[in-house]
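Trainee: Listed here are the chains, written in short residue letters.
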Amino acid sequence: MSRKGNLVAGAVVAVAGAVLAACGGGSSGDATGGSAGQVTVYLGRHYGIEQVFNAFTAETGIAVRFTTGRDPELRERLKTEGKNTPADVYLAADAANLELAATDGLLAPLGSTVVTTAVPAVLRDSQDLWTALSVRARTVMRAARVPDAEAPRSYAALGDARWKGKLCLRPATHPYTQSLVAALIADGGVAGAERTVRGWVANNPTYLDSDTKILEALADGTCDVAVTNTYYLLRARSEGKDLAQAVWITEGPGTHVNVSGAGIATHAPNPAGAKRLIEWLATTGQRPFADANFEEPAAASVAPRAEVAALGTYRRDPIAVERFGALQPEAVKLLDRAGHR
Amino acid sequence: MTALGAPVKALGAPVKALGASATALGAAVLAAPVVVVVASLVEPSTDTWSHLWQTRLVEMLVSTAVLAVGVVAASLVVGTAAAWLVAAHDFPGRRLLGWLLALPLALPGYVSGFTWLDVTGRQGLVMAAVVLTASLYPYVYLLTLAAFREQSARTVEAARTLGCSRWRAWWRVVLPLARPSLAAGAALVAMEVLTDVGTVRLFDVTTVADGVFRVWFGLDDRDGAAELASVLVGAAVVMVTVERLARGRARFVQRGGRDTGVAARRVRGARGIAVAAGPVVLLLVALGVPLVRLVPWAWTTVAEGQGRTVSGGAVDHLLDSLLVVSLAVVVTVVAGTALALAGRPGRARAARVLARVATTGYAVPGPVVAIGVLVCVAWLEAQGWWPAGWALAGTLGVLVYALAVRYVAVAHAAVAASADKVPERVVEAARTLGSGPGAVALRVELPLVRPGVVVAAALVGIDVVKELPVTLLLRPFGVDTLPVWVWQATSDSRWEQAAVPGLLVAGLASVGVAVLLAALARGAEMVA
Amino acid sequence: MSGLELRGVCVAPVLTGVDLTVADGEVLVLVGPSGAGKTTLLRAVAGLVAVSAGSIRIGIRDVTTEPPERRRVGLVFQDHALFPHLDVAGNVGFGVARRERAARVTELLSLVRLDGFARRRPHELSGGESQRVALARALAPRPEVLLLDEPFASLDPELRDALRREVRSILRAAGTTAVVVTHDVADAEAIGDRVVALRAGRLVE
Numbered sequence: 009m010s011r012k013g014n015l016v017a018g019a020v021v022a023v024a025g026a027v028l029a030a031c032g033g034g035s036s037g038d039a040t041g042g043s044a045g046q047v048t049v050y051l052g053r054h055y056g057i058e059q060v061f062n063a064f065t066a067e068t069g070i071a072v073r074f075t076t077g078r079d080p081e082l083r084e085r086l087k088t089e090g091k092n093t094p095a096d097v098y099l100a101a102d103a104a105n106l107e108l109a110a111t112d113g114l115l116a117p118l119g120s121t122v123v124t125t126a127v128p129a130v131l132r133d134s135q136d137l138w139t140a141l142s143v144r145a146r147t148v149m150r151a152a153r154v155p156d157a158e159a160p161r162s163y164a165a166l167g168d169a170r171w172k173g174k175l176c177l178r179p180a181t182h183p184y185t186q187s188l189v190a191a192l193i194a195d196g197g198v199a200g201a202e203r204t205v206r207g208w209v210a211n212n213p214t215y216l217d218s219d220t221k222i223l224e225a226l227a228d229g230t231c232d233v234a235v236t237n238t239y240y241l242l243r244a245r246s247e248g249k250d251l252a253q254a255v256w257i258t259e260g261p262g263t264h265v266n267v268s269g270a271g272i273a274t275h276a277p278n279p280a281g282a283k284r285l286i287e288w289l290a291t292t293g294q295r296p297f298a299d300a301n302f303e304e305p306a307a308a309s310v311a312p313r314a315e316v317a318a319l320g321t322y323r324r325d326p327i328a329v330e331r332f333g334a335l336q337p338e339a340v341k342l343l344d345r346a347g348h349r
Numbered sequence: 053m054t055a056l057g058a059p060v061k062a063l064g065a066p067v068k069a070l071g072a073s074a075t076a077l078g079a080a081v082l083a084a085p086v087v088v089v090v091a092s093l094v095e096p097s098t099d100t101w102s103h104l105w106q107t108r109l110v111e112m113l114v115s116t117a118v119l120a121v122g123v124v125a126a127s128l129v130v131g132t133a134a135a136w137l138v139a140a141h142d143f144p145g146r147r148l149l150g151w152l153l154a155l156p157l158a159l160p161g162y163v164s165g166f167t168w169l170d171v172t173g174r175q176g177l178v179m180a181a182v183v184l185t186a187s188l189y190p191y192v193y194l195l196t197l198a199a200f201r202e203q204s205a206r207t208v209e210a211a212r213t214l215g216c217s218r219w220r221a222w223w224r225v226v227l228p229l230a231r232p233s234l235a236a237g238a239a240l241v242a243m244e245v246l247t248d249v250g251t252v253r254l255f256d257v258t259t260v261a262d263g264v265f266r267v268w269f270g271l272d273d274r275d276g277a278a279e280l281a282s283v284l285v286g287a288a289v290v291m292v293t294v295e296r297l298a299r300g301r302a303r304f305v306q307r308g309g310r311d312t313g314v315a316a317r318r319v320r321g322a323r324g325i326a327v328a329a330g331p332v333v334l335l336l337v338a339l340g341v342p343l344v345r346l347v348p349w350a351w352t353t354v355a356e357g358q359g360r361t362v363s364g365g366a367v368d369h370l371l372d373s374l375l376v377v378s379l380a381v382v383v384t385v386v387a388g389t390a391l392a393l394a395g396r397p398g399r400a401r402a403a404r405v406l407a408r409v410a411t412t413g414y415a416v417p418g419p420v421v422a423i424g425v426l427v428c429v430a431w432l433e434a435q436g437w438w439p440a441g442w443a444l445a446g447t448l449g450v451l452v453y454a455l456a457v458r459y460v461a462v463a464h465a466a467v468a469a470s471a472d473k474v475p476e477r478v479v480e481a482a483r484t485l486g487s488g489p490g491a492v493a494l495r496v497e498l499p500l501v502r503p504g505v506v507v508a509a510a511l512v513g514i515d516v517v518k519e520l521p522v523t524l525l526l527r528p529f530g531v532d533t534l535p536v537w538v539w540q541a542t543s544d545s546r547w548e549q550a551a552v553p554g555l556l557v558a559g560l561a562s563v564g565v566a567v568l569l570a571a572l573a574r575g576a577e578m579v580a
Numbered sequence: 008m009s010g011l012e013l014r015g016v017c018v019a020p021v022l023t024g025v026d027l028t029v030a031d032g033e034v035l036v037l038v039g040p041s042g043a044g045k046t047t048l049l050r051a052v053a054g055l056v057a058v059s060a061g062s063i064r065i066g067i068r069d070v071t072t073e074p075p076e077r078r079r080v081g082l083v084f085q086d087h088a089l090f091p092h093l094d095v096a097g098n099v100g101f102g103v104a105r106r107e108r109a110a111r112v113t114e115l116l117s118l119v120r121l122d123g124f125a126r127r128r129p130h131e132l133s134g135g136e137s138q139r140v141a142l143a144r145a146l147a148p149r150p151e152v153l154l155l156d157e158p159f160a161s162l163d164p165e166l167r168d169a170l171r172r173e174v175r176s177i178l179r180a181a182g183t184t185a186v187v188v189t190h191d192v193a194d195a196e197a198i199g200d201r202v203v204a205l206r207a208g209r210l211v212e
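Protein chains in written order, with the working numbering: chain A, 9 to 349; chain B, 53 to 580; chain C, 8 to 212.
You can trust all of the hints, since none of them are fake.
With a cut-off of at most 20 Å between alpha-carbon atoms, the simulated SDA-like pairs for lysine to any residue come out as follows: (1) LYS249(A) - ASP544(B); (2) LYS473(B) - HIS92(C); (3) LYS174(A) - GLY176(B); (4) LYS172(A) - ALA210(A); (5) LYS174(A) - ARG174(B); (6) LYS91(A) - GLU433(B); (7) LYS91(A) - VAL427(B); (8) LYS172(A) - ARG174(B); (9) LYS249(A) - THR353(B); (10) LYS91(A) - GLN435(B); (11) LYS87(A) - VAL88(B); (12) LYS249(A) - THR352(B); (13) LYS91(A) - GLY436(B); (14) LYS87(A) - GLU433(B); (15) LYS172(A) - SER162(A); (16) LYS473(B) - ASP86(C); (17) LYS87(A) - GLY436(B); (18) LYS249(A) - ARG313(A); (19) LYS87(A) - VAL427(B); (20) LYS172(A) - GLN175(B); (21) LYS91(A) - ALA430(B); (22) LYS87(A) - SER92(B); (23) LYS87(A) - ALA430(B); (24) LYS249(A) - GLU356(B); (25) LYS174(A) - GLN175(B); (26) LYS174(A) - ALA157(A); (27) LYS249(A) - ARG546(B); (28) LYS87(A) - ASP275(B); (29) LYS473(B) - ALA570(B); (30) LYS87(A) - LEU432(B).
Computed footprint of chain A on chain B; a stretch qualifies when at least three of its residues, placed anywhere within it, have a C-beta under 8 Å from a C-beta of chain A: (31) 97-110; (32) 248-257; (33) 268-276; (34) 414-426; (35) 521-528.
Think of the hints as simulated: they come from the structure by calculation, not from any bench. Ideal Cβ placement from N, Cα and C applies to all residues, glycine included.
Next comes chain A alone, as it looks inside the complex (with noise of 0.2 Å):
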């Protein structure tokens, strides 16, 4: 009976050892070979990507497979991976996450003038390591119950006594959040940040990590006024609940804007084919990448979807979006010191 058992320990450690070697050198293959036909993305956001890549290989023929998860994870995972990455397009939610990314080395120059053409400068880094593919504002929120007359036109009017205890926010964990911050510290230098999000804190503000139960405790009453992404929004109308109304900064700067985008992996095993991506991403491939999630085209001459348009113009904060990854420490810190959950 003990030799049995011992056939059977040795048999499974045998077939473990064998499948993991297999396991190892098969991806392997896939992970250097990088043929020409195949692009291999990792990927922040991902609500309806993949018509859109399946949109590219149909008119391209080039392949893509990726990879989903949280984006400053897969910029770790992309930095410990170093020359054997298989990773060729890093494809971010957030441009703090992106310029992160480029000043990690993580990213290669696209040297693409098809994207110098197509995005406006203030969404693209200045050193051509990324570029936007669609912009979306996170404003202010009013419920429907709250006239539109009363409610906030600044960032800073949310910590009005008036919305004491009646105000929903991200938590600081969230890329969001802290892009917002980063922009408010770029605007209006770091002290007036924080009288800002000082403002916000002394409101007792209910923090929910999901933008979608934010717009929801507005329409239940949980609260009068928040801060959220629009494509949330026009989600929720889209599913027939129409739960809040967005409400444009007219104050200051404008309204804050924050983009997905997408860059070369300095290690890429197949780099044309990444440019390649990008750039149809940029152009052709511009109204579906936008459209899927409600959000704005980067590219000023496509225009966006009805729903989104119908939200009406808005004066977006002009800043250039690559300065909320620097900004970024110093957001969270100023977030932590302020009280900001």
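Keeping the supplied structure of chain A fixed, place chains B and C upon it in accordance with the hints.
Mentor: The following block gives chains B and C in isolation, referenced to the frame of chain A:
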């Protein structure tokens, strides 16, 4: 010369040396990622620490401590009470209830958490503690139930003849005898609480583990994050010491014989219902509430044809989960068994120390383990020992390795528990009959720790099925497990779409729970 | 030439310089009060416990630094210590080379009068049966020295008597050098060729 079979005779001393050094190498390999993480403490990031000190550090430490103590205490009370109810009373539905009470272990906190959030809309430390207790008390419950079953009925009877009422006999005899199991259960619960991030985030609680991520991604300070993670390792070391003290030095070996298990008293009628009420209420909280949300959501999602993701349907994810789980379980259990056998009292002290070091991965939050692993793998690749083009990173092997680092502690504890029950005399007898240490391990210890190996496989399996952060970070292309699906849904704020994978995870983990229950019923133990 | 020789063996804290010679084929009985170190002495000879001083010789070999599996010493434990996961045949044949295992098992089961018990499991055996299996197991690999630790401790009187005579004839038949530890003087007289006492770590005749 007396010997075993000819082949083993020929190998003799080289095998012994190989066995010892293989185990040592294995332990070193398992310990490396954690060592890498802790080593960053050598050059502390003073900026980060001063910022933390001024802002959140105290809150993090306090929250973590309060949460750990609270959840452990609650789990002890709930788990022991449930075990007592099931072990000491015979009421209608007892077997079913006994099984169901272990089931909440199969439901991850990050799934039941958002159902609770949806139902009550409340956040905070108390809610986090409730949800964590609901999903972790089964550790205490299972261990204590097994301990009660192991005890001889004679002990209680002896206490009764000495004047103790039934209740006092339990309080003064049965419970103290179960102390090692209680301590072990508390330790398991505490470890899970220390390293949890998914659940506490939902309820807006900032623990040290959560702080690790704030520092890592918010402040973009990986070294600072590693240093904060080392605090957790330190806490784990303290906790293990406390647990050993709490267990006491006595080895409560009881010859169960035919009459094992504390006698159960029949309760009928109104009393029966009263007794069964407690567990039922517990189950309503731990299982009922989440299911009430998950099942309708799952139903509507499937009805609307949204029971899929970018990576495929339920079957694809299920197969991916099975692939990862089976590989991880095999590797982890083999490693844990080797460490447990190498660390037996008769063996070299160094082996035991090594085993302890190798099992610290359990104290480190998943993603930190993942990064430690990536750093080690990157170093390995940089050495150029691999043929060009052979990339290690991004392979299934690396994911399995990281999972092994994370969970070998569990496998080790379970096998060591069985190994502890192997009488030293039996091992000595084998030695006098001509078997060297290696042969003894193979021919005597391994067969005798088989129950522990089964428990180890079940526990590791349950953990890996539910595991998210390491898998998310290290998975190879095309391998998307069920928890990854849950994450994709929840990260997009679509909780309803997380219901199908959430239920599937629970279903798969339930298989592990069933195996665990069966093994414990047959007299295995969970932790040494 | 077999036989056992101990010179100045010290095992802290109980044994403080034991000198002992057992002739080839002799059965030596070791008596003494509990705590005197009798079991320790046996374990030292078997190699389960290290000696801090002195030497142990078995036959012509000095085994002082050898591990237990190389000493060719058989040990019958007080509580028998049978392998719970093996049947009687598996236990008895454990230390025997695979080639001759089956034959040797049959031979020994015959010797201890347990023919037909081969498939039984240890937990199915009575005290006397289990003790005889332990004896058979220790004898099967043809050890040069056999050590018995309180072999009759767990048995009732009639069984004790019968077993004493059996063990004596088995030892005689096998011609193995043996050391038997017991606190029962009656055992000593029945089994041994020679009796020595161990008191406070030293031997007294």
